[in-house]
Amino acid sequence: MKGARAGSDDALLTTVNLSTGYDGVCVVGSVDLEVRRGQIVTLIGPNGAGKSTVLKTLAGQLAALGGVAYLDGRRLDKLTVGEQALLRAMLLTDRPRTELLTCEDVVQMGRHPHTGRMGVLGEADFAVVEDAMRLLDVCDLRNCDFMRISDGQRQRVLLARAVCQDPQLLILDEPTSYLDIRYQIELLGVLRHLAKERGLGIIMSLHELSLARQVSDWLVCIKDGAVMAQGSPTQIVTCEVIDRLFDLEPGTFDPLTGNICLPVGHAGTKASHGRASLGPCGAEERSCDVGLQHKE
Amino acid sequence: MTGSGGQQGPVLGARRYLVSFVGLGVLVALLAVANLCLGSVHVSVAQLADALFGGDRTQTYAQVIWDIRLPRLICAALLGAGLALAGLLLQTFFNNPIAGPYVLGISSGAKLAVALLLVSIGGLGVVTSWMSVAAATLGSLVVTLLVLLVSRRAQAPNTLIVAGVMVGYVCGAITDFVVTFANDASIVNLRNWSLGSFSGSSWEDVRTVFVVVVLASLLVFLLSKPMGAYQLGEAYAQSVGVNVMRLRVAIIVLSSVLAACVTAFAGPISFVGIAVPHVVRRLLGTSKPLVVVPGTFLGGAAFCLLCDLIARTVFAPTELSVSTVTAILGAPVVMSVLLGRQRGRA
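The listed protein sequences derive, respectively, from chains H and R.
22 is the number of the first residue of the first sequence in the numbering used here; add one for each residue after it.
4 is the number of the first residue of the second sequence in the numbering used here; add one for each residue after it.
Take the hints with a grain of salt, since some may be wrong.
[Said to hold, decoys possible] Derived, one-sided and incomplete: chain R residues facing chain H with beta-carbon distance under 10 Å:
id, residue
1, 16
2, 17
3, 94
4, 98
5, 225
6, 231
7, 234
8, 239
9, 243
10, 246
11, 284
12, 285
Don't read these hints as lab results, they were simulated from the structure.
Being a predicted model, the structure only gives us computed values, none of them experimental.
For every residue, glycine included, the Cβ atom is placed at its ideal position computed from N, Cα and C.
Excised from the complex, chain H in its bound form (with noise of 0.2 Å):
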C-alpha cells in the first residue's frame, strides 16, 4: 500500500490551502491535498459537502477562492487551458446532449489536444482510441449513436475519451454512478490498472465506501466544507472516522464489511454483528480482489 506520503519527488497536483466555492462563497476550505504519480486518491463524504466543487476547482472549471494548486510543479492558474490539457483529462457528472454523434466520435474528441489546427485525427491517434476503447470494453458500441446506449455504457464511452486523451492526472466525480455492480468492479479495477502500470495519477470522488477502500491509496474525508480527516484506506475506514463523517450513530458502520446497520429495531444487534462478522468479512474482501483484475 502505498499509503504512506514521505517526499513528493513524483507530486503530480498539490494543493496548498485551497479554497473554492461559487460567486465569492467559500464551500471548502484550507485543503491540502497531494495526488502522486501511481496513485488513487479517492474524496469520500456525505452529499452537499463539497467533493464536487474541490474536484471541479482541480478540473479548473472554477476558480480558487484562496490558496494555490500545482499541476505537475506548476501553478494550475498559471497554465493555458491548452497546456492543462495535455496534463490533465476527466469525467464529470454532465451528461452530453448530443446529435448524431456515435461513441467513437465522443472517444476521439478525447484527442483534441494532441490533434492539429483542423482536429483531423492521425494513424497513432486512431491507435490510441482503439486501446483506450478496449480497456473500456465499448469497442462493441462504436458505431452506436451516443444518445442511444444505457448511461452505464456513456459513462464509460466518456471515461475512455478522457484515456485517450493522454493525460498524466485523471479526474473522475462520481465515476461509478449509473454502472451495476460487474462495471464497478471493472471500472476500479481498470483505474487501478491505469494508476499502476501506467502511472496516472488518479482523483476521483466515490459514494461506495467499500469500494473506495478497495481501490484507493489515499482517502480524502471531506465534510462541512473542510477536510475533515485524511490518510491510507485502513487508517480512515473504520468506526469513529466515519460515524463521524457521516454524522451516524455511533456504531452504526461496521468497517469490517462496509456495511451500514440500519438504526431502528437493531439497537441491541449492532455491537454482536460487528464482531461476529470478523471471520465472513476477510473471506468476502478476497473475493472482491479477484474481481479486481488488475490490482496488483
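Got chain H; can you put chain R on it based on the hints?
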C-alpha cells in the same frame, strides 16, 4: 432517423461524405443554371453559354443574365450559405437544434437597425451597402446579447426560443413604428426590402456580400475543431483545451455578422438557419463540424437558389417574397426536428 447510423464504419462514412458533397455541388450547379435560364425572358442553355462565355453582351438575353440574373444568383447563393451557417453557429452555441437567427429575433434586430438607418439618413441618399451591413451587424449583436442575457437567467431551452420570439416581436413593432413615421421615399425602399427578397441585387452588392460571407465562412470552417469539442458541453470542451470564452465570442460575432449581412441585403429570411443545418446533418449522418460546416454552406446556397427560383417563377410575373417560400419549405423541417426530439426523449 437515419437508420444506417448503426452500421456505418469510417470508410462507409467517408464515402457517404463524398457522395453527399458531390450531390450538393451538382445540385447547386443545376439550380444555378435553372435560375439563369428561367424567368420572364426565357434563355436557352445554348444562349446562356453564349452569354457567359461568348463575347457579345449586346443581346437582350445577355444583358438580362449579366445585369439581373447573375448578380441575383450569386447573392442568393452566398446569402443562403451565410444564413445557414449563422443557424449552425447558433445551434452549436445554445446546444439547441431549433435555434436560428430568425427564431431568436436576430434578423429582426438587424432589420430594425437598417430601417433606422434608412429613415434617419436615407433621405440624403448616401446609404452604401457597407453602411447597412454595419448597422445590421450592430442590430443583430445587440439582440444576440439580449437573448444571451435572458438564456443565462433561464436554463430551459424553450425559454430561449420564447425569449427570441418576443424580442423579435418587439423589434418588429418598433420597425413598424419607424416606418409609419418615415417619409414616402424611404417607405418605398423599406417595403420592398423588409419582405425579404433577393431582387435588385447589383454587382456592387455582390462584391460586398462576397467579401463578408466568404471571409466569415472561412473563419467558421477554421472553428470546426473547437466547435466539435463544444458539442459535449462547455465543461468537456474546456477540459480538452478549448478556450471556451474565446470560442463563444467568436461564434456570437460570426453568426451576427452573417445574419446581419443577409438581412442588410435581402431582408429577414425565415427558417433557412434551422432547416438547412438539420437536413445536412441527416444527409451526412453526423454532426461533426468539419464536414457539416462546408455541407451547410453548400446546402444553404442550394436551398436559397431553389426558394428564389420558386419565388420568381411560380406565380410570374408576380414575385413572391423569398421568406414566403422558405417558410413553406422550412417550417415542416422544424416541426420534424421538434417531433424527433420528443421521440428521442421517450
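With a cut-off of 10 Å on the beta carbons, see whether residue 243(R) makes it to chain H.
Cβ of residue 243(R) sits 4 Å from chain H, so the hint holds.
Minimum Cβ distance from residue 284(R) to chain H below 10 Å?
Residue 284(R) check passes; min Cβ-Cβ to chain H is 5 Å, inside 10 Å.
Under 10 Å, Cβ to Cβ, is where residue 234(R) needs to be relative to chain H, so tell me if that hint holds or is violated.
This interface hint holds because 6 Å falls under the 10 Å limit.
Min Cβ distance, residue 94(R) to chain H: is it shorter than 10 Å?
Holds: closest Cβ of chain H sits about 9 Å from residue 94(R), inside 10 Å.
Tell me if residue 246(R) is really an interface residue toward chain H, meaning its C-beta lies closer than 10 Å to one of theirs.
Holds, because the Cβ-Cβ distance from residue 246(R) to chain H comes to roughly 6 Å (cut-off 10 Å).
Hint validation: residue 17(R) versus chain H, beta carbon distance must be below 10 Å. Holds or violated?
12 Å, violated
Closest C-beta approach of residue 239(R) to chain H relative to 10 Å, hint status:
6 Å, holds
Under 10 Å is the threshold here; is the Cβ of residue 16(R) close enough to any Cβ of chain H for the hint to stand?
9 Å, holds
Against chain H, is residue 225(R) within 10 Å by beta-carbon distance?
7 Å, holds
Given residue 98(R) as an interface hint, is the shortest Cβ-Cβ distance to chain H below 10 Å?
7 Å, holds
Holds or violated: is the Cβ of residue 231(R) closer than 10 Å to a Cβ in chain H?
Hint holds; residue 231(R) Cβ to chain H Cβ min 6 Å, cut 10 Å.
So, residue 285(R) near chain H? Judge it on the closest CB pair being under 10 Å.
8 Å, holds
Consistency with the previously given hints fails for number 2 only.
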